[in-house]
Every structure is written in C-alpha cells, then in structure tokens.
Amino acid sequence: MNKIKKEELAVAALKNGTVIDHIPTELLFKVVDLLGIKNLKNSVTIGFNLDSKKCGKKGIIKIADVFFHEDTLNRIALVAPNVKINIIRDYEVVDKHTVSLPDDIYGMVKCSNPKCITNNEPMKTHFHVINKENIILKCHYCERAVGKDNIILK
Amino acid sequence: MSKHIDLKVEQKKQNNGKTLIMNNASLVSISDFSKEDILSLLEDARCFEENPNRDLLAGKVVATLFFEPSTRTRLSFETAVNRLGGRIIGFSDANTTSSSKGETLHDTIMMVSNYADLIIMRHHLEGAARYASEFSPVPIINAGDGANQHPSQTMLDLYSIYKTQGKLDDLTITMVGDLKYGRTVHSLLMAMYYFHPKFNFVACDELRMPDEYKAFCDKHGIEYHEYHEFSEDVINSTDILYMTRVQRERFTDIMEYERVKNLYTLKNSMLCGSKENLRVLHPLPRVNEISYDVDNNPKAYYFQQARNGLYARQAIICKVLGIKVK
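Taken in order, these protein sequences are the chains called V and F. Residue 435 is where the first sequence starts when you use the working numbering, and the numbers rise one by one after that. Residue 10 is where the second sequence starts when you use the working numbering, and the numbers rise one by one after that.
One chain only, chain F, in its complex shape (with noise of 0.2 Å):
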C-alpha cells in the first residue's frame, strides 16, 4: 500500500485557471488550493501580522473539534479565532464526548454544525475531514487527520518561508530526518510545486523520502538530490533547511534507531559556512534533532515559525467563510 501523489493542481489547469477550492468552501488538504490561493493567503496573513486583532468574526461562533490531543494546533486555532472577535465552543478530548459512546462522526459533526458558523476539526482516522466536509452544512478546515493531511502547517510554512527568503520562487530547500512518514515535508513539497523549488533530501534508508513523491517530483521537473549523510557542503547550498524529528517508534530494527539518531541533528557549528539568507524551519517538538546551541543563531527560525501559524490560520479562516480582509 502506497500513498498516491494527488495532483488537483492539473485538474485546476484544466479548468482555466478557475478556483475550485472544495466543498462547501471547506479546506481538508493543501492541494485544495491553486497558486493564487496560497499567493493571496499569503498576503491574508501579512495583513494579519501588521494587525492580529480585527472584528471580522464578530458575531460568528467557531467550534474546535480535537477528537484528538493537539495542543499547539488548537491553541493556535482558538487564538486566530478569539484574535477575530469570534467565540469558540469545542472540545479537546474525544473521552468527554458522545464518541466514546459509540456516536459516528456523522452524527457528531451534524449536531455540531447546529450550533457553530466553522468546524475546525482534527481526528485520528484519516479521510475523517474530507468525509466530514461532504455533508457538513458549515464549512470544515482539517486541523489534521491521522498521518493524512495538515494543510495549516503547510501554509505557515510557506508563509515562513515567504517572509524569511522576500520570495517562494527558485528556493533550495533542504529537508532532514524523518522524510518518510513525515506529513509536514510531503505537504510542503507538493504546495512548492507551483515555484519552482530544488530539494535536498537527506534522510537514513529507513526514512527517506518515499517514490511516489520522487517520481511527483520527476514528472514535474523539480531538481532533487539525496544524502544519506548532513553535511555541511549541503547546508552551505541551502536558502530553507526544514529540520524533522525522527522517531523511535517509526523504527523496525531499534539497533538502527540507536545507529542514526543523532546522525540527523543540527548544531550550531555546522551554520558556519552557510548562506545569509539561510533559516531553519522545524514543525516542533523539537527532541534532539535541533541543538539548543543553534536557538540563539538568528538563523535559527522554528519559534517564530510557530508564531506566524496564527497569522495563516487567521488567513485560512477568513477564506473558507468568505470574509476579505483588507
């Protein structure tokens, strides 16, 4: 079983250029959106950097359904969302709710949209989203779904990105650690697809980058080279160097674990030679992956990074409901 590279961007194309954001205007996955919905969410967000604080949800309640625990995701999104003068309702355990009596999704979510304007969900089964998004009366934005999709975090990214770099377009970006079971570094490759990127993937054998999103970026002319070993030659050709965390868990031999755990950390001596422009971009939790000797390198960016995931959530809500923002 593999998981299929989805590229709506062609049917997009294929649609003159037409905007064909979803169901219902929800958003469950990142290549829901075409080039001109990230650009112009991009600059949502700038806007929202200058100022958080806008009524825009005056009068809107928002629920935030987490059938699972997500701690920064969900505080992240109830931020955006009290930023916007909207009111929130919601639940952050499944444990306290009708689920685990035995209530379907279906039933939940149609209970729920009964009483809020916009479900911001995440759920432990994958597809839950979607499903959710095909007979949801009020739109859904995915906050995750399983190991599935995070469109969210894909959008702080590039906005990261966007702001540290002035640009998305002819980027290096390298990607380090868990390459394989790492929803956050699929999703960001396919939503660069539209500028142009080249990708430096480096990652042990157990956790490189899987083939479908090579022959993704095959078929698409997208330049890509793979390391086994991080090293410094590959970090001083870097303009984005987004860091993940390898798990022990994702292991089937542990002695393997055990051999490449640290073989994949950054520290701050290996920046030396590396680019002006370079950041370091992680999703967090950070483990050991990032030593704490490179948070004080101005290089260093994963906390920011994480900031400006209010301004991107702020961005995607206001979409989804239809609201403009300047």
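Bound conformation, chain V alone (with noise of 0.2 Å):
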C-alpha cells in the first residue's frame, strides 16, 4: 500500500457524502466556519496540515452522507478559490469539480461601509463579483468595491 493510500485511510474512507479537498491550511478552519460544520449531526472528518504535492500542506474535510448545494459551496471561492470538491456515493467519486464563484452573492457579506443601507435597514445584503480572478466584490446598493483581504462575511 502506498503512502497517499495509507493517508487516506488514516482519515478514514467514505461511503456516501462530500470531500473538500486542497484547502490551503491558514483557511481549514474559516472553511469549517463558512459551511457550519460545527452544526452538523453528521460525522465530520477534518485533517490539517497534511502533505500536498501541489501546495505543499493542505486541509482535507470529509462530511458523511451531506450533499451540499451547489450555491453553499461555491461560497468557500470567496476565500479560497481552488479548492476541490468530491462527491462520493458507495466509495467512488461520481463528480469532482473546483469551486467557482457565483456572479452575485446574496446575503453572505457584510458591506463594509458603515453608511451603506444593508449595514441599516433589515435587509440582504447583495454583491456583484466584478473579478473573479483577484476575488474583487461591489456592492450592489452603495457601489463600494471590497477586495478579498476586506471581504466580512455575516
């Protein structure tokens, strides 16, 4: 058995649910946070700081029989943008595919302008994607542009 076989099993095989995978370790744990794990009734698998070959450690989560909506994860692009998703049904993976940022996020970041009428009124708050490269988001009612180091998420 190999090295890369014997990790996995370390973090233990699954029969049906989502694996995230390459998450740069600094941004496991905001991952975590931003899917609301800690919530979860399932069991949850997380490993950190594991070897990557592509960049050098990464974090892993592994979340048993949980399918989350397409929307749900896309919203880990805001943070880290090229992590990868797997889907597992009876030990194989049925689809694997990077998360991409949607054109519009809706009710998931806070403006960070305090005269903004999202931080105001009770109300969503609504931000255009206007890079998706460079994660640079614009308020869809004051206009203001907040890149990925200022991005607050609610």
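Quick caveat, the hints were computed from the structure, so don't treat them as lab data. Heads up, a few of these hints could be off.
Result set (SDA-like, lysine to any residue): computed pairs, CA atoms no more than 20 Å apart in a straight line [said to hold, decoys possible]:
#1 V/K549 / F/R259
#2 V/K530 / V/I480
#3 F/K207 / F/S283
#4 F/K223 / V/I564
#5 F/K228 / V/N553
#6 F/K110 / V/E555
#7 F/K228 / V/N568
#8 V/K558 / F/D116
#9 F/K335 / F/L319
#10 V/K549 / F/E258
#11 V/K558 / F/M119
#12 V/K549 / F/Y190
#13 F/K172 / F/Q313
#14 F/K110 / V/N553
#15 V/K558 / F/G111
#16 F/K228 / V/N565
#17 F/K172 / F/R316
#18 F/K223 / V/K558
Hints in hand, dock the two standalone chains.
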C-alpha cells in the first residue's frame, strides 16, 4: 500500500458524502465555519497540515451523508478559490470539480461601508463579483468595491 | 475600500443597444442612462427651457422625501413638479417623520407609495435609492444618496455644457478642487464617457482624482492630465472649467488644508487668455474657490447652471413617468 493510500485511510474512507480537498491550511477553519460544520450531526473528519504535492500543506474535510447545494459550496470560493469538491457515492467519486464564485452573492457578505443602507435596514446584502480571479466584490447598493482581504462574512 | 467604476454602458452594448433603464423606470444612477437616453433628455430639457409651464403632470401627486436636508435640490425638484402642473406631498426634515421613531425606509416608502405616483428622495445612507427602487410600486428618482449618486445634478451639468458649447463631443474639461470626494465630478466624468472628452484634473495630492476613475479613463482611451498647479496654461486650453469646493473636513492634516485652500481659487484675471467659448461651472454652494470678481464675467455660468437644473429635472420626471414631452 503506497503512502497516499495509507493517508487516505488515516482520515477514514467515506461511503457517501462530500470531500472538500486542497484547502490551503491557513484557511481550513474558515471553510469549516463557512459551511456551518459545527452544527452538523453527521460524522465529519477534518485533516489539518496534510502533505500535498500541489500546495505543500493542505487541509481536507470529509462529511458523511451530506451533499451540499452548489451555491453553498461555491461560497468557499470567496476565501479559497482553488478548493476541490469530490462527491462520493458507494465509495466511488461520482463528481469532482473546483469551486467557482457565482456572479452574485446574496446575504453572505457584510458591506464594509458603515453608511451603506444594508448596514442600517433589515435587508439582505447583495454583491456583484466583478473580478473572479482576484476576488473583488462590489456592493449592489452603495457601489463600493471590496477586495479579498477585506471581505467580511456575515 | 474603494469605489468601483461601474460600466453599465458595456452591459447596454451587449444588449444590442436596448435601453435598460432601471427597474420600474426609476432613476438611481447616471450610469442607468444610455447615450440615447442622455441625448433625448437634453432635447426634452431644451423644450422645457422654451416653455417650462406645461400641464403634463395634471392629476398626479409627487412625493419629495428629503430624509436629509437639501434646500437647493428640493426647491428645484418641487419647482419642476409645480411648473408641470403636479401636486406635491412630502417632508424636508426626517426628524418630523416616523423615521425618527425608528420606522424603516422600506415601510416609509411603502406607505408613501400608496399616495403618490412618483417618489423623489434624498437620503444620507448610500444605496438607499437603489434599495427603494427594488420594492417601490412607483418610480423612484434619486436626489442624492450620501456620497454615492446624484444623477439629476449630472444631467443639469450635461445640459449646461451642451447649451453653452452647442455640443458634447470632443471638449476639454478641466476639473478643479476636490476631485477625490466630489461625487459630481465622478458622475460627470462617467457620463462624458460617451462623448470623447479630454480631461485636466487639477488638485492637491490629498484630493486628487481616485485611481479607479483614472483606470476608467485608461480603459476607454480617454485622455487626461493631472496637475498640482492651477495655471493659466491649463485654463487657456479649456472649454469647460468645472470648479468644486475644497472642504476643510476632508483633510486629515489641517496644516495641509491651510496650505492648499487658496491654491485652487479662480480669479477673474486668470481668465484673460481663455478661449471665447470657455464657461465656468460649479455645482454650488461656492465658498471661496471662485472670487466674486468672476461673477460679472460673461464666462461665469454657475448661476445659469443652477437654473438649468429645473429643465433637466422636468425632463427626468417626465422620462421616469413615461410622459412624452413634445
């Protein structure tokens, strides 16, 4: 059994569920928060600081018997754009793809402009993704742009 | 945090030139207008200047909701409605309304839309008009939302330029003073995009034109030059001299304010060598950035500019209500 196989076993094989892979180590717990994993009742395996050929060290999350809505998974792209999603059914990977930012993000990001209407009315925020590569969002209401490093998640 | 330059004009082109004016015909931002919209509004404004008293709003009620005081803009809009034969309800001080009791903007707009055919609103919060336009059953005209948009000011600026120059194309526009926070210069810059302008930006470092607007110019091949010094050389090459107020509260360093506050003042003597067609514009109120000795120069146009606001607003009101002017 080669090294990778052993490693996979170390974080438990999944019969059915979702594997979120290639998470940059420093962003692992942000992704955990983003998906609300601590509120799940299902079994979840979180791997931290695992060796990765692509990015040196990586994080991985395996969630049994949960298949997230695509919009939910794409939220991850807000903080970590190259994360891989594997959908597992009966121990087989039936779908594998990279998360991608949607064109519009509703209710997830807080506008950093205190004078924006969204911070003063009971309403959903709405951001346009104006640059997917560098992750730049623009508030639909006050029209201020916000870069990756200044995005405040609700 | 920076402000991104929105280019709805590009989206419009992708829609085969169809005019995408806004939800329920509201006007929130100048970029809601296509070139064709702007040109037809200028023509309508010209008609209103010939005859401002027309009964086009007979039987209609217009609400002017000024959550933030603004005498100039409110009087201009209310005069426009009156001269069109409409009736006005509204308030000019949010402290006298349910907002002061904690009512949401949503509820105020829903309540007022029961009574009025059109809502003209000014609000201190940015994005307030966009939000209102999303759920209001009647059209919204944005009369200013914080530091964000003030599209009727831009329309009156465009009309003033058009009227004094006889065209909008290929003009040299020099913007002076507060180019960082001044929403009028930003909106004008974007609206002029359609007309192949050349810009001179005259400001101190603290108040220079933000990078995103210069990037907008670069992207669309609009020529611009930046200057610290407000010199006659710059003035002499200019068709439109757009002055703005340098406000003390914009400075983090008061010493810097004291140093620059008089550097960007226009004096009559500075207009000696200027082009015959040059006109001086200013969104008003003026403090000390234009000397009083300029007022009698035929090139001073700021008071007529304010009057043009009436015609531009009459045109806007008719447009959002779908009323043909001719």
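Do the hints match the structure? See the list:
1. V/K549 / F/R259: 16 Å, holds
2. V/K530 / V/I480: 19 Å, holds
3. F/K207 / F/S283: 17 Å, holds
4. F/K223 / V/I564: 18 Å, holds
5. F/K228 / V/N553: With Cα atoms ~32 Å apart, F/K228 and V/N553 exceed 20 Å; violated.
6. F/K110 / V/E555: 14 Å, holds
7. F/K228 / V/N568: 18 Å, holds
8. V/K558 / F/D116: 16 Å, holds
9. F/K335 / F/L319: 17 Å, holds
10. V/K549 / F/E258: Holds. V/K549 to F/E258 sits at ~17 Å (cutoff 20 Å).
11. V/K558 / F/M119: 18 Å, holds
12. V/K549 / F/Y190: 15 Å, holds
13. F/K172 / F/Q313: 11 Å, holds
14. F/K110 / V/N553: Roughly 18 Å separates the two Cα atoms, so the pair holds.
15. V/K558 / F/G111: 19 Å, holds
16. F/K228 / V/N565: OK: F/K228 and V/N565 at ~15 Å, within 20 Å.
17. F/K172 / F/R316: 12 Å, holds
18. F/K223 / V/K558: Violated: F/K223 and V/K558 sit about 32 Å apart, past 20 Å.
Checked against the numbered hints given earlier, the structure breaks hints 5 and 18 and satisfies all the rest.
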